[in-house]
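With chain V fixed as given, assemble chains Y and G onto it according to the hints.
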Amino acid sequence: MASYFDMGGYAGYVWPSYAVTAIVLVALFVATWRGLKNRERTLETLLATRGPRRRRAARQEAPAPEAVNTASTTEETSR
Amino acid sequence: MNALLAVIRRDLRLALRQGSDSMMVVAFFVLTVVLFPFGVGPESGILERVAAGVLWVTALLASMLSLDRLFQTDYEDGSLDLLTMAPMPLSVIVLGKVAAHWLTTGLPLILAAPVLAVLLNMNSEGFGVLIAAMAVGTPTLSLIGAVGAALVLGARRGGVLLSLLVLPLYIPVLIFGVSAIDAAVMGFEYRAQLLIMGAMLLVSLALCPWATGAALRQAVE
Amino acid sequence: MHRFANPNRFLKLANAILPWSNGVLVVSLLAGLALALVWSPGDYQQGDTVRIMYVHVPAAWMGMFAYVAMAVASAVALIWKHPLADLAGRATAPVGAAFTFVCLVTGALWGKPMWGTWWVWDARLTSMLILLFLYFGYMALHNAFDDPQRGAKAAAVLALVGVVNVPIIKFSVDWWNTLHQPASVVRMDGPAVDPSMLWPLLVMGLAFKAFYVSVVLLRIKAEIADAKIRALRMSEIHG
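Residue numbers (our numbering), protein chains in the order written: chain V, 1 to 79; chain Y, 1001 to 1221; chain G, 2001 to 2239.
Treat the hints as calculated values from the structure; they're not laboratory data. Among the clues, some could well be false.
Straight-line Cα separation of at most 20 Å, EDC-like style, residue types lysine to aspartate or glutamate; simulated pairs [stated by the list, open to error]:
1) G:K2112 x V:D6
2) G:K2112 x G:D2122
3) G:K2170 x G:D2122
4) G:K2012 x V:E40
5) G:K2012 x V:E44
6) G:K2081 x Y:E1221
7) G:K2081 x G:D2122
Here chain V stands alone, though its shape is the one from the complex:
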């Protein structure tokens, strides 16, 4: 077992490579996931604060007409 983890003497190079890959990719995934959840929560609260009639309307044709138009204008959000 110890000889396996030694990687033929190259443990100092093999394991850090995998560690760096894992850290970068997991961090990216977590950041993406949390960014999405944050925005969905904001969207929910925004929709909830509006009148129920408008909320239903917004849910049914969810991209309100202006949302379609501005879909290309992405935000300068902090990311």
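Frame of chain V, contents of chains Y and G only:
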């Protein structure tokens, strides 16, 4: 063709009237190069070795220095709107402006380079190739730089952003420019490097005016 | 073309794809790690360092693939003014930058024991570094304007200009003498890699691809949510 010459003449006249721009570029070039003997020590062996690289890197930075003014003034006073509406292709206008930019910054750099090469103890074998490489390389720099300058029009912190965009694209010119001079100094064949630089000039001559035009068009929209 | 510009239709599609890409990601990642770290033998020349290849090469593939995808999205956005293409390009850039970064770091960790140096200034490594800077430039340019639409267009033009770098990376090992080994998997006359090394490589490649698909879809969903939030806020301001 007439339109091209008209644009060049206009930009040259503007540059001459405002003066100082190309003087500033050359002054920056000379001063930065002069800093190096203090930085790496005045031994002629070291200076001789790094001369080609120092000259190219500082020339790169110097030609970038004036880039943000390439379209900025036209953008601010609205003449860019008129130029984009002119009946000739926008890439021709861009070509004219780039040519004017090269005449006011690239050409003075080429003239100043041999003098600085002497100061850096560069082997005299390299002088001819230095001038040839710069003559082929600096127009490429102006062409690539024009794309960046058009992209950052109206951006926040445009100057810093410009260097982030343009410097990575300058690297190939730098690599082959330096290696041509190094080859000549050491007595090797240097034609291949110059030919590759010529190829880069032709490619950027074909693509950059078009890309710059696209960037300008969406800047004035 | 504009049929898919409807964010709702896209969201439906994305939600249908996501479970699959996540599933493929988990399965192929586990299988790939098992193949790469346990099943595959060490190389007779490079010993166990060859295991670095199973993350290094897929990361390089995806770093380049993401750039091409970003450039295609940029072209679509510029030519057809397709709103989702803008979002796709913007969502791809950080993922591609992450892959390129991983490729460079693992490459350095591989180069140290094999070449005796962390870094050499050859064409392959330099052009990969330029790729990373292009990603950074794209992201910086995207965020540099007060009008986000302006940033999207400027960044799209930059992405297209930077495409010249991709063939340089691909062929740099064939065109220049370099320490970096030549292409051995994607070749005209079939892969020159032993199956015991090819399988872990391909499975890890699949895992990286699935990761890319999942993350980009999630990021596009976030961008769409962003656009909706902005639209709602705007309509609140304007009554």
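Hints, one by one, checked against the model:
A C-alpha spacing of about 17 Å is found between K2112 of chain G and D6 of chain V, which places the hinted pair at or below 20 Å, so the restraint holds. A distance of roughly 15 Å separates the Cα atoms of K2112 of chain G and D2122 of chain G; the hinted pair therefore holds under the 20 Å criterion. For the suggested pair K2170 of chain G and D2122 of chain G, the alpha carbons sit about 13 Å apart, so the restraint of at most 20 Å is met. With a C-alpha separation of about 16 Å, the suggested pairing of K2012 of chain G with E40 of chain V holds against the 20 Å cut-off.
For the given pair, K2012 of chain G sits about 18 Å from E44 of chain V by alpha-carbon distance, which is consistent with the 20 Å threshold. In summary, the hint linking K2081 of chain G to E1221 of chain Y is supported, as the alpha carbons are separated by about 14 Å, within the 20 Å threshold. Taking the CA atoms of K2081 of chain G and D2122 of chain G, the gap is about 39 Å. The hint is violated against a cut of 20 Å.
The structure is inconsistent with hint 7 alone, although it conforms to all the rest.
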